[in-house]
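J.: The lines below spell out each chain.
Number of protein chains: 2
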Amino acid sequence: MTITPVTICLPIADRRTSFRFYRDGLAFEPVGEVADDGVPEPLQFALNEGVRLMLIPTGGFGWVIGDRNVASRGISECVLDLPAETDGAVDAFLERAHRAGAEIVSGAGRQPWGYGGTFADPDGHLWMVTSQEKHAG
Amino acid sequence: MTITPVTICLPIADRRTSFRFYRDGLAFEPVGEVADDGVPEPLQFALNEGVRLMLIPTGGFGWVIGDRNVASRGISECVLDLPAETDGAVDAFLERAHRAGAEIVSGAGRQPWGYGGTFADPDGHLWMVTSQEKHAG
Chain A
1 MTITPVTICL PIADRRTSFR FYRDGLAFEP VGEVADDGVP EPLQFALNEG
51 VRLMLIPTGG FGWVIGDRNV ASRGISECVL DLPAETDGAV DAFLERAHRA
101 GAEIVSGAGR QPWGYGGTFA DPDGHLWMVT SQEKHAG
Chain B
1 MTITPVTICL PIADRRTSFR FYRDGLAFEP VGEVADDGVP EPLQFALNEG
51 VRLMLIPTGG FGWVIGDRNV ASRGISECVL DLPAETDGAV DAFLERAHRA
101 GAEIVSGAGR QPWGYGGTFA DPDGHLWMVT SQEKHAG
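Those protein sequence lines, which keep their order, are chains A and B. If you read the first sequence in the working numbering, its first letter stands for residue 1, the second for the next number, and so on. If you read the second sequence in the working numbering, its first letter stands for residue 1, the second for the next number, and so on.
These are computed hints drawn from the structure, not numbers from a lab. All of these numbers come straight from a predicted model, not from anything done at the bench. Be aware that a few hints might be false.
[Unchecked claim] Just a few of them, taken from the derived set where beta-carbon distance is under 8 Å, the chain A residues facing chain B:
no., residue
1, T4
2, T7
3, N48
4, E49
5, I65
6, G66
7, V70
8, S76
9, C78
10, H98
11, G114
12, T118
Beta carbons: idealized from backbone N, C-alpha and C, even for Gly.
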């Protein structure tokens with residue numbers, strides 16, 4: 001079964017902060033109609049043709065999840081992994097995220113699954129960047 | 001910027017339980033080499049060409065997230081949304097999830113964003129199914 005597109009919904013504190021971080025900082029592609037605050041509503045980014053990221057203010061997110069509680073900062077239920085073509089591209093992406101204000105959770109290095117690193121977005125959501133470069137040995 | 005594929009990593013309690021739920025229950029497409037326990041290692045499903053779901057035993061997941069804590073059941077940081085072509089397809093998908101053992105968190109109904117419903121996987125991770133059907137009015 002193929003399902004397209006899948007939308008990953010995450011709770012956020014502030015739409016403008018998230019918009020700036022993902023669009024200006026990470027160069028993610030926003031989609032949808034812009035609302036009065038200059039930010040698309042809902043705030044979505046197309047990561048590729050098969051997946052979108054939707055960032056929902058915490059109150060609305062809490063409404064969606066019913067009797068569940070919204071995870072507070074520092075509590076992780078998911079990690080989103082992005083491939084990078086080379087080890088150098090991992091370094092460049094983490095540097096870009098850092099300049100955009102991300103917290104670098106683990107700097108780029110050799111891990112059991114490859115060369116990569118992890119950063120947190122303005123709400124503490126974790127992203128990994130992992131090199132697809134093949135190394136001899 | 002287009003990034004493919006994005007991998008959504010979630011913590012799980014038991015590889016076999018998750019494998020059965022997603023492969024046999026939801027008919028998701030597993031990818032990767034099968035390990036001695038008969039389950040791919042790592043346990044991944046290709047949802048479409050642009051996104052994979054990776055299910056990681058909680059211990060390993062905790063290692064990945066560093067000084068963060070793994071969300072316990074009932075604490076939600078993310079909701080994954082799947083499109084369905086019609087309202088009837090939403091009903092059918094939720095029924096399939098229910099038969100596979102999912103908890104139905106909110107039965108299918110008309111929501112501000114469309115006709116849909118929400119279920120929880122064996123570890124409490126939330127999925128929404130949302131109809132793409134256009135209604136007059």
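J.: Please go over all the hints and tell whether each is borne out by the structure.
T.: Evaluation of the provided hints:
Hint status for A:T4: holds, given a least beta-carbon distance of 4 Å to chain B, under 8 Å. For A:T7, the interface hint holds, the least distance from its beta-carbon to any beta-carbon of chain B being 4 Å, beneath 8 Å. Restraint check, A:N48 versus chain B: the minimum CB separation of about 4 Å is within 8 Å; hint holds. The criterion of a C-beta within 8 Å of any C-beta in chain B is met by A:E49, whose closest approach is roughly 6 Å, and the hint holds.
Using the Cβ-Cβ criterion of 8 Å, the hint placing A:I65 at the interface with chain B is satisfied: the shortest such distance is roughly 5 Å. Hint on A:G66 holds. Least Cβ distance to chain B is approximately 5 Å, under the 8 Å limit. Given the 8 Å rule on beta carbons, the hint for A:V70 holds: about 6 Å separates it from the nearest Cβ of chain B. At its closest, the beta carbon of A:S76 sits 4 Å from a beta carbon of chain B; the interface hint therefore holds under the 8 Å criterion.
Using the Cβ-Cβ criterion of 8 Å, the hint placing A:C78 at the interface with chain B is satisfied: the shortest such distance is roughly 4 Å. The beta carbon of A:H98 comes no nearer than 16 Å to any beta carbon in chain B, farther than 8 Å, and the hint placing it at the interface is violated. Hint status for A:G114 relative to chain B: violated, with the closest Cβ pair at about 12 Å, above 8 Å. At its closest, the beta carbon of A:T118 sits 7 Å from a beta carbon of chain B; the interface hint therefore holds under the 8 Å criterion.
Hint violations for this structure: numbers 10 and 11, all remaining hints satisfied.
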